[in-house]
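The letter at position 307 of the sequence shown is residue 307 when you use my numbering, and the numbering goes up by one with no holes.
Among the clues, some could well be false.
To be verified - Dumping the calculated BS3-like pairs for lysine-lysine here, alpha-carbon to alpha-carbon at most 30 Å: (1) Lys39 with Lys281; (2) Lys281 with Lys73; (3) Lys26 with Lys4; (4) Lys309 with Lys281; (5) Lys104 with Lys118; (6) Lys26 with Lys117; (7) Lys22 with Lys119; (8) Lys22 with Lys46; (9) Lys118 with Lys281; (10) Lys148 with Lys104; (11) Lys148 with Lys117; (12) Lys148 with Lys119; (13) Lys22 with Lys39; (14) Lys138 with Lys148; (15) Lys73 with Lys46; (16) Lys117 with Lys73; (17) Lys148 with Lys118.
To be verified - Quick list of the computed label-pair ranges, beta carbon to beta carbon: (18) Met151 with Tyr267: 17 to 25 Å; (19) Lys118 with Asp36: 23 to 31 Å; (20) Arg50 with Gly92: 33 to 41 Å; (21) Gly272 with Met196: 19 to 27 Å; (22) Met1 with Lys197: 48 to 56 Å; (23) Glu106 with Thr322: 12 to 20 Å; (24) Thr325 with Lys197: 48 to 56 Å; (25) Glu106 with Tyr267: 36 to 44 Å; (26) Glu38 with Tyr267: 39 to 47 Å; (27) Arg259 with Val135: 30 to 38 Å; (28) Thr264 with Lys197: 34 to 42 Å.
Hints were generated in silico from the structure; no laboratory data involved.
Glycine included, C-beta positions come from ideal geometry on N, C-alpha and C.
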Amino acid sequence: MTLKVGVVGVGNIGSIHAGVYKENPKVELVAVCDIDKEKADAAAAKFGARAFYSVREMIESGIRLDAVSVATKGEENGSEHFAPTMELLEAGIPVLGEKPISNKIEEGEQMVELARKKKIPYAINLNHRFTPAAVRAKEWVESGRLGKLHMINMRMWINNPVETSPWFHMRALHPHSFDVIRYFCGDVVKVAAFMMKGEGRSIYSNAQIIMEFENGAIGNLVGSYDAGKSYGLERCEVVGSQGRFVLEDACEHLTFYPRNSIETETYSYLGGMRSFSETFKSRINAWIDQLEAGTPYDQIDGSGEDALKAQKIIEAAIRSFTTNTIVDLREDNK
């Protein structure tokens, strides 16, 4: 059965979602929605879908919707996700939201709880974990090839001159970073953070975060909005008792280094993926595949709950920096 889907918020990212859906043979894109009528009408014409100007109007139209992407934006890229997501979940419609899940933890908790209560699939576009290289590295971790996990070193930086809230860099960029960190190493229990404002900046555009994991591993994240374009977007190194891997730029290069041998195993462009822009397709298509397969709501990969846990690490880092303390996430979850 062809899945009928819609997209709420048809700016740049929403249009990417719509384009991926349009190319997927398992999907019929039937609706696009935006409070900006011109944007909605233009997207409807481009993608051959029906235009709506509010989520309520779309739901009450009677059009069948098997899933909807929520690609709204707002302050810190996450302040406009809550209302449309809650409306859709209340209507029983599975949602794939954009990151961050929300820049308010209480809103994220409400969305995750509603999806859980109604047993509806709810996912977030945590696209870095869906690349073929990341999936291969995850298989190495789960198979025990690295041995006991010791540490993770993560770098995520881009050149972004945008100035909004003091915490824009943390809340808008690092949902990806902390999801990748959790994907490979599990839940974080302690966080300590150091931040600084780059030259001429009014926001904290550089950060160093150190972490302790539930499994005993340790790790760090280096993040920046002041890095030059030539530095590379992302680097992730996971170290275990029997070896380590290095994953470059989310999808392009993956190398395994055995602890007791000089022989290495290297892959480039696994699955034909050559750049970050292609990661939207792998993530959104994985979402469609899980819906088609009838995957239970609590087994969705890159779920709302995953995104909420990443966001809680971000807020813990901000609290650590502002209070000059080590924050124990277990205290927050009591």
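Hint check against the structure, violated hint numbers in rising order: 10, 11, 12, 17, 20, 21, 24 and 27
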